[in-house]
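Once you've looked at the hints, dock chain B against the given chain A.
2 protein chains.
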Amino acid sequence: MKKQYLLTPGPTPIPPEVALKEALPILHHRTSEFAAIYKDAAEGLKYVFQTKNDVYMLAGSGTGAMEMAVVNLLSPGDEIIVASCGNFGDRWIKIAETYGVKVTSVSVPWGNAVKPAEIEKALKANSNIKAVYTTFTETSTGVVNDIKSIGEIVAKTNAVLVVDSISGLGGQEFRTDEWKVDVNVCGSQKGLMLAPGLAFISFSEKAWKLAETSKIPKFYYDIKKYKKSFASNETPFTPPVTLIVALRESLRMIKEKGIENMWNDYKLLAKAARAGMKAIGLELFGEVPCEVVTSAKVPEEIGGKIVKTLREKYGVSIAGGQGDLKGKIIRFAHMGYIGKADLLVGFACLEMVLAELGMKIEKGKAVAAAEEELIKG
Amino acid sequence: MKKQYLLTPGPTPIPPEVALKEALPILHHRTSEFAAIYKDAAEGLKYVFQTKNDVYMLAGSGTGAMEMAVVNLLSPGDEIIVASCGNFGDRWIKIAETYGVKVTSVSVPWGNAVKPAEIEKALKANSNIKAVYTTFTETSTGVVNDIKSIGEIVAKTNAVLVVDSISGLGGQEFRTDEWKVDVNVCGSQKGLMLAPGLAFISFSEKAWKLAETSKIPKFYYDIKKYKKSFASNETPFTPPVTLIVALRESLRMIKEKGIENMWNDYKLLAKAARAGMKAIGLELFGEVPCEVVTSAKVPEEIGGKIVKTLREKYGVSIAGGQGDLKGKIIRFAHMGYIGKADLLVGFACLEMVLAELGMKIEKGKAVAAAEEELIKG
Numbered sequence: 001m002k003k004q005y006l007l008t009p010g011p012t013p014i015p016p017e018v019a020l021k022e023a024l025p026i027l028h029h030r031t032s033e034f035a036a037i038y039k040d041a042a043e044g045l046k047y048v049f050q051t052k053n054d055v056y057m058l059a060g061s062g063t064g065a066m067e068m069a070v071v072n073l074l075s076p077g078d079e080i081i082v083a084s085c086g087n088f089g090d091r092w093i094k095i096a097e098t099y100g101v102k103v104t105s106v107s108v109p110w111g112n113a114v115k116p117a118e119i120e121k122a123l124k125a126n127s128n129i130k131a132v133y134t135t136f137t138e139t140s141t142g143v144v145n146d147i148k149s150i151g152e153i154v155a156k157t158n159a160v161l162v163v164d165s166i167s168g169l170g171g172q173e174f175r176t177d178e179w180k181v182d183v184n185v186c187g188s189q190k191g192l193m194l195a196p197g198l199a200f201i202s203f204s205e206k207a208w209k210l211a212e213t214s215k216i217p218k219f220y221y222d223i224k225k226y227k228k229s230f231a232s233n234e235t236p237f238t239p240p241v242t243l244i245v246a247l248r249e250s251l252r253m254i255k256e257k258g259i260e261n262m263w264n265d266y267k268l269l270a271k272a273a274r275a276g277m278k279a280i281g282l283e284l285f286g287e288v289p290c291e292v293v294t295s296a297k298v299p300e301e302i303g304g305k306i307v308k309t310l311r312e313k314y315g316v317s318i319a320g321g322q323g324d325l326k327g328k329i330i331r332f333a334h335m336g337y338i339g340k341a342d343l344l345v346g347f348a349c350l351e352m353v354l355a356e357l358g359m360k361i362e363k364g365k366a367v368a369a370a371e372e373e374l375i376k377g
Numbered sequence: 001m002k003k004q005y006l007l008t009p010g011p012t013p014i015p016p017e018v019a020l021k022e023a024l025p026i027l028h029h030r031t032s033e034f035a036a037i038y039k040d041a042a043e044g045l046k047y048v049f050q051t052k053n054d055v056y057m058l059a060g061s062g063t064g065a066m067e068m069a070v071v072n073l074l075s076p077g078d079e080i081i082v083a084s085c086g087n088f089g090d091r092w093i094k095i096a097e098t099y100g101v102k103v104t105s106v107s108v109p110w111g112n113a114v115k116p117a118e119i120e121k122a123l124k125a126n127s128n129i130k131a132v133y134t135t136f137t138e139t140s141t142g143v144v145n146d147i148k149s150i151g152e153i154v155a156k157t158n159a160v161l162v163v164d165s166i167s168g169l170g171g172q173e174f175r176t177d178e179w180k181v182d183v184n185v186c187g188s189q190k191g192l193m194l195a196p197g198l199a200f201i202s203f204s205e206k207a208w209k210l211a212e213t214s215k216i217p218k219f220y221y222d223i224k225k226y227k228k229s230f231a232s233n234e235t236p237f238t239p240p241v242t243l244i245v246a247l248r249e250s251l252r253m254i255k256e257k258g259i260e261n262m263w264n265d266y267k268l269l270a271k272a273a274r275a276g277m278k279a280i281g282l283e284l285f286g287e288v289p290c291e292v293v294t295s296a297k298v299p300e301e302i303g304g305k306i307v308k309t310l311r312e313k314y315g316v317s318i319a320g321g322q323g324d325l326k327g328k329i330i331r332f333a334h335m336g337y338i339g340k341a342d343l344l345v346g347f348a349c350l351e352m353v354l355a356e357l358g359m360k361i362e363k364g365k366a367v368a369a370a371e372e373e374l375i376k377g
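Protein chains in written order, with our numbering: chain A, 1 to 377; chain B, 1 to 377.
By construction, these hints were calculated from the structure, which means they are not laboratory data.
Watch out, some of these pointers could steer you wrong.
Any copy will do: because identical chains look the same in the list, a pair fits if it lies in one copy or spans two.
In silico BS3-like links for lysine-lysine, alpha-carbon gap of 30 Å or less [unchecked claim]:
1) Lys227 - Lys328
2) Lys308 - Lys115
3) Lys94 - Lys130
4) Lys130 - Lys218
5) Lys225 - Lys305
6) Lys363 - Lys297
7) Lys313 - Lys271
8) Lys218 - Lys267
9) Lys225 - Lys180
10) Lys227 - Lys102
11) Lys2 - Lys255
12) Lys225 - Lys215
13) Lys313 - Lys363
14) Lys305 - Lys227
15) Lys94 - Lys225
16) Lys3 - Lys39
17) Lys218 - Lys255
18) Lys267 - Lys257
19) Lys340 - Lys326
20) Lys94 - Lys206
21) Lys102 - Lys328
22) Lys224 - Lys94
23) Lys308 - Lys224
24) Lys365 - Lys206
25) Lys228 - Lys308
26) Lys2 - Lys328
27) Lys180 - Lys340
28) Lys124 - Lys102
Pulled out of the complex, with its shape left as it was, chain A reads as follows (with noise of 0.2 Å):
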């Protein structure tokens, strides 16, 4: 009976319509009512990511994509360059190891944006690189790092882009085309405002041509049985049928909104999350933080138990720290299927948490200072 609030970087909430979709009966997937479907979703994803390019769906966590993204791109042997400023960053590098690939890190300390200066000095330093991977936002430190930049700098050489928006695709301004990103890779419980199980790539012509050359072997993740598929609205291999038909629904939803319209939305609620923390006395965590998830430090003596009390008091699940940073920071998300009131809801039981477990805080005052921005729009 206890009422939930989740205020977590994903899964996020979703809309009653998207997941009442999954409940329906179900359709076979080799049939014309679900190519139908497929195909909306597909046309969806393209509004979302800003591409020209198809972006191709399969059944798995995020993690799967990225690794999509790895194994047929290189070679065994071949150089890459990974920046890293968190967790995620560090999970290219992790998989881009297992497959014998060798990796450059330009990677920051967490906290940190990636510097696109050092990635065009690494590029500049060896002309073998055959790609570049990096993250959009961060979630385990809250960071965003500058895309467009990065993609300006690739272009320009023979190496191939790829970054792991999972976390801020639909939350924050991302142009797949516009910002020369060549392989995109995203998950559906993010910012699209789905259920987890689904993931996304696209792949640009550039990505294509290298893809060519890739010779670390692949069956599941092999993309060019997606491309094959994707030309009859099928998918290679059994697609989760239900969350692609909720998919259709939150993409629909999406694009009603407006794209632009969901992003000026976030950024107002990342507004008004940094005024609360701050007036509540909590330090901002992070170089330059994004639009879909706000991190804070807490006190050390009270850091390991604001999450749990949170939740098993009022029901309201944030996130905290992740690695090094755990119960150092909180993570505060906006993203998805979260709204001013929901923010709200967040701050107003954070106060008293913060009150209970001893810290010297003024009720209230989080939540006036967000109220504030909220109202300034």
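Frame of chain A; chain B shown alone:
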């Protein structure tokens, strides 16, 4: 507005009680609430698998779990036996060869069942064989293989037995441990009465030992990651939360009914389906028909039209043949949430379509023959 009746061998119809669980507000996957659901589901899977070993869940199609059973056990150059009798058995060969594994095929023509004696001979002829890969119920033909006998043969050797039970588990007697199956691979959308998107895999001690020697690179499919997370009721990557919540419900229903009672129900449906096919003048296809899908030969001049007409005119989905069997057989499923009345709906509409396509049949005969068997029980 056209009412749909699903009689396909995956996806199969989903009980509304299960489907509605997919529409519940989403839970975060790193919470005690989700861990409890995950634990329940994992216990239920052990029961359906009839194994004492842990059963791991992953986001993916069944093929993903098949790939997991290849990349975690083998190294390039390793030798295996594949006993295939259809499209899905052949997939083992394709996956293994993708990873540089040498395959000795003891496959049989589509429609036949694999020969345990041939597997025994091949094992005796080559002591380097690391594993034997085969299929339980081969959905592409409707044939069931004698896994129990194969298990006895393989258990006497150093080889590991890997079985794809994707389309049969829950629908026909299968005992992982008693039949000495080392690795059992399954999917969600068949006998487990769930939407596609979840895959399962169990590993015996013998399999874990072989896995220690495996040198094929893997990241998302690295089963050690799943084993490690399993200990704390988690998955290494974001799991398909809504599907797992629904899985717990379908497994609860299966447990409540009793797995042996499920098997008996489908056995009766299979008997009735075979009687119906014969009564209408269609010859059964397959050397050893399984109990989850019934295949029958159809006249070539109308073979390509039956499935489409049934679906378009009456909303009834059955399956046709795959590969060389396209247009030559129809496949009528009785697995998952399919009951006696559904079978009769299928036969009644099949009678109409066969008559409409010009086949000389006596209307009502298939239905009558099926009824006869169903009443006998």
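Which hint numbers doesn't this structure obey?
-> Numbers 2, 8, 17, 21, 24, 27 - these are the hints that the structure violates, sorted from lowest upward.
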